[in-house]
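Q: Protein sequences appear in the order of chains A and B.
Residue 75 in my numbering sits at position 75 of the first sequence, with consecutive numbering throughout.
Residue 130 in my numbering sits at position 130 of the second sequence, with consecutive numbering throughout.
Any given hint could be a false lead.
Listed below are several chain B residues computed to face chain A (Cβ distance under 10 Å; list not exhaustive) [stated by the list, open to error]: (1) 35; (2) 40; (3) 78.
Calculated directly from the structure, the hints in this document are not laboratory data.
Every residue, glycine too, gets a C-beta built ideally from N, C-alpha and C.
2 protein chains.
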Amino acid sequence: MPEPRDRASRKADLIAALTAAAADVWVATASSEGVPHLVPLSLAWIDDRAVIALDVASLTARNLAASGTARLGVGPTRDVALLDVALERSVPVDDDPAIGAAYAAQADWDPRGVDGYVYLVLRPTRIQAWRESNELTGRVLMRDGSWLV
Amino acid sequence: MPEPRDRASRKADLIAALTAAAADVWVATASSEGVPHLVPLSLAWIDDRAVIALDVASLTARNLAASGTARLGVGPTRDVALLDVALERSVPVDDDPAIGAAYAAQADWDPRGVDGYVYLVLRPTRIQAWRESNELTGRVLMRDGSWLV
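So here's chain A without its partners, still in its complex pose:
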């Protein structure tokens, strides 16, 4: 097992993962009845926000609209980051050229022009990152929306 990283290294590694071309993220949401949902989606990291693009009628979009919250999993399971996020805004894909351009620049597809699709702009509130068990200590990188490092 490699030596544990400090928080600054974990943040740098996480930002690299979040801004990588064709990055993906696991998006966990829940219905108001407490039924969990989970899907992988393309991710763009724009101005310290996680941005996903999806059909406004999808279960993930409906759960997020109702609850305002999701939990994102990034990276392979042994080099993981978990982001608790709050829905900041929902933007039809042709309504915000800046987001549209930034999303298309990072993702490997471009949802602009796709009927019924929206960008969901997700604001992280808590972020944890660790690789193996020796990194469980010090895994909280953001709390209450503020970076700890």
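Given chain A's structure and the hints, the job is docking chain B onto it.
A: Below, chain B alone, put in the same frame as chain A:
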């Protein structure tokens, strides 16, 4: 993009992933208030059941005890399987030698003897598997607990 696989190939690939040494799984659960939770955990695949081992006091275990349901994500995000599962039983780690041995044989750790840990035996009810967009058709491999292939 490679040619889409048929259902039989997807099932074979999925079983290989589920039975691989040191397999991991993303476990999405939800509280009764609809707050999503997501963690990566080690997985064992025993008698057509997904078995995870965790602290009975963890949020994932408490959510599963309350709701009886979870959604599991397996594989990298571009070679994914999603398993909707029902909690079949919860077994203290020293109470079932057969599960204990099978779990330890597949996972890269052995929870036996760890105070407060349980095996959660999860029965799949619905399974989907796809790689890229050309595999979205035919992605359902199990429905209502029965393999379609």
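Q: Now, for every hint given, state plainly whether the structure supports it.
A: Evaluation of the provided hints:
| no. | hint | verdict |
| --- | --- | --- |
| 1 | 35 | holds, 6 Å |
| 2 | 40 | holds, 4 Å |
| 3 | 78 | holds, 7 Å |
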